[in-house]
Amino acid sequence: MKQQIIVSGLGGQGVLFLTRVIAQVAVNRETPVLTAETHGMAQRGGTVLSTIKVGDFASPLIRTGQADVGLLLWEANLEVHRSLLKNSGSLLINSDNAGEGERIDASGIARELGNAVLSNLVLLGLAIRQKSLFCTAEECETAIRQLAPAKFVEQNLAAFHKGIDL
Amino acid sequence: MKENMTKQLLMGNEAIARGLIESGCQLATAYPGTPSTEILQAVIDGRDAAVEPLHIEWSVNEKVAFEVALAGSYTGKRTAVVMKQVGLNVAADPFMRTAYLGVKGGMVTIVADDPGPHSSQNEQDTRLFCLQARVPVLDPASPAEAKAMVSTAFELSEKHELNVVLRPTTRICHSRQNITPESTVKLVRTADFQKDPTRWAATPAFLPQLHRKLNSTLEQIAAEPTLQPRLIEGDGSYSRTAFVASGIAYGNLVDLVDDLGLNGKVDIYQVLMSYPLSSTFINTLNEDYDRVLILEETYPVIELQLAHPGAVGKQGGTVPREGELTPDIMHQAVAGFLGLATPDEAPAERRGQRPSLCPGCPHRAAFYSIKKCFPQGIFPSDIGCYTLGLNLGAVNTVHCMGACISQGAGFYQAYQQDGEVPTIVVTIGDSTFFHAGIPALINAVIQQARIIIVILDNATTAMTGGQPVPHMGVSAGGQSTKAVAIEPLVRASGVDFLEVCDPYDSQRFEELLWQADAYTRSPDGGVAVLISRHGCTMDRNVLKAQESFLVTINDKCIGCRKCVDAFECPALLMDSDSNMAMVNQDRCIGCGTCISVCPVDAIIKEEKP
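Protein chains in written order, with my numbering: chain A, 1 to 166; chain B, 1001 to 1609.
It is possible that part of the hints are untrue.
What the hints assert, rightly or not - What follows is a set of in silico ranges between Cβ atoms, one per label pair, in the way DEER data are often shown:
hint	chain 1	residue 1	chain 2	residue 2	range
1	B	1182	A	108	41 to 51 Å
2	B	1601	A	108	24 to 34 Å
3	A	114	B	1443	51 to 61 Å
4	A	150	B	1541	17 to 27 Å
Just so you know, the hints here were simulated from the structure itself, not pulled from any lab data. Beta carbons: idealized from backbone N, C-alpha and C, even for Gly.
The following block holds chain A by itself, in its conformation from the complex (with noise of 0.2 Å):
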């Protein structure tokens, strides 16, 4: 199993913990991962992209049409991460307007649980819903049990879920 996957959004917007979370899957079922994150000044608000190769690679940049998986929490980044993805690769997007790729109103389910930064798992919850990802939705809950600080693993997980079952 090979699967090459992009993060896309905003500094602040909780990229790194998504990617964290999807690598920490691979780590659990002891499957090979890489992730490159982007870190620094970029982190103050500007775009950021996270890569994550699950499976046997060396390195853990992506080329042009190659992911199999886009996860964008800010629409406008389309325009810049797009090219990434194979023409056959799922898009998942966090937006309340119409258009490509599947969609979902992340930052307002998670405005309604509290904060707007759980659009990251509620888009995580959408990815599982559409199979897109090569885990299931009990291997995600374990690595956020891992991963969240423990006052908060109850609402990420309600995010999550609010991603899986809308």
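Chain A is already provided as a structure; the job is to place chain B on it using the hints.
What follows is chain B alone, placed relative to chain A:
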């Protein structure tokens, strides 16, 4: 300790930190800088795994950090110093001499390069620096390899009594991978400095001999069996043809070769130690290969040493000479070299949304006031979050750590020769001030520069994630230590105009800016210092402690965009339907600093419900 021995998802920087602890490092020093910062942070977080005493410090700058680790190594203990690539420029002086004098206990200098660059003022290559300094340098291709190379570097350093550099790049530092922690070695060393003036205080009389010894040691190191380039042998489909790669470019090459169905068809060499390059390897390439493609970041360091007539790489432009070697760029180079179908040009890199100062950032309030008071001013600034004052037009120069004060003084000297001097307002962060600002301040004072220096004191090193600063009295591990306050340092530097103000109080802040300007123009005037003091809003405790209002924009808004464009808070945006400004409540922290910006008082604040 079962959990510790199972695979963990570690960032490259965390893996390197783990390697330092496992190798018995006893002094770890650093100055933060992207992409290196998380290394020392992870040493701090993982220090319980150390089995012997471990001193960890965020030093005041890289030169200091290097020298502390260096002397630690003179006592026979293992030490490490961590910095980003431009930090090595700051530490260059001790670094260069250390090559000749050597070390005792293993000393590893970890310098993280930033090809691209992603978050740096240039994309210099530490390996080339090492070639100039004559210091061995290891070039890991993955986080796991970076961790393994830490112990290799310590062993090499101790065997030859030389400082050894480990050079990860951004894509190693900020990648994550499943990695198995190992047990920590117990070295049981006590500090034992063996005095030897001919070495540790070597005068010119001793240096030719030390230089000769260094050169002969480098020949031995180049021949180290464990550090020879590794070969993945091809089946001869491409005869007398090879790829030579190092660092993340090697990882990218392996994946690319797999994608292109070329697995096992071409000889691929991975260079582990970019300098000194093995002479056996150089001979092998010259004898056995007619064509070689060299893939390395960022400068042609292997290429220069190889000097192979059939080699192509950066020098001839087969591989781009600048920027990151992304898989797309490598695809172009590999396809061209092997005569395969060349892929379409990858779409031009677009950067997307630019970064901004955070909502509520005190720097924004300070910059807005500076620009408002002195629209024609000259604004030298510096390295940190506050570089983003660019977005407000309140930053005109950004050069290197601490340069802004000297640049401000230089502007003054040039303008005053002609008579009319514009208001010069320098902005420098608190951490940058301690790092390299103090000598520059003393110089500006004694050279009688008439400039305003605004020290943006947010009580942290914010850009890199909030490392402690000397005036907070907290050490790397969180223990309390002596605090060194900014004000007495400024006064002792000969500054007679010194004021402190919270930039959230824009009225008072602007009054002080005017007073400072008047002072610089008065007969006995000189350098005026205004400390802009308000904690970083990334710090939860700061947010909790400050008042927060419900900030909204009412229908008095005339759509002038001043708050959106000139104040540039990410929580303010234009509603395209009404053409009025609005507040994004997801982002707004309720500080109310935008209120005074509105020319028609349409921004209002109320108690939160």
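Right, here's what the structure says about each hint:
no., hint, verdict
1, 1182(B) with 108(A): 41 to 51 Å, "holds, 47 Å"
2, 1601(B) with 108(A): 24 to 34 Å, "holds, 31 Å"
3, 114(A) with 1443(B): 51 to 61 Å, "holds, 53 Å"
4, 150(A) with 1541(B): 17 to 27 Å, "holds, 20 Å"
Checked against the numbered hints above, the structure violates none of them.
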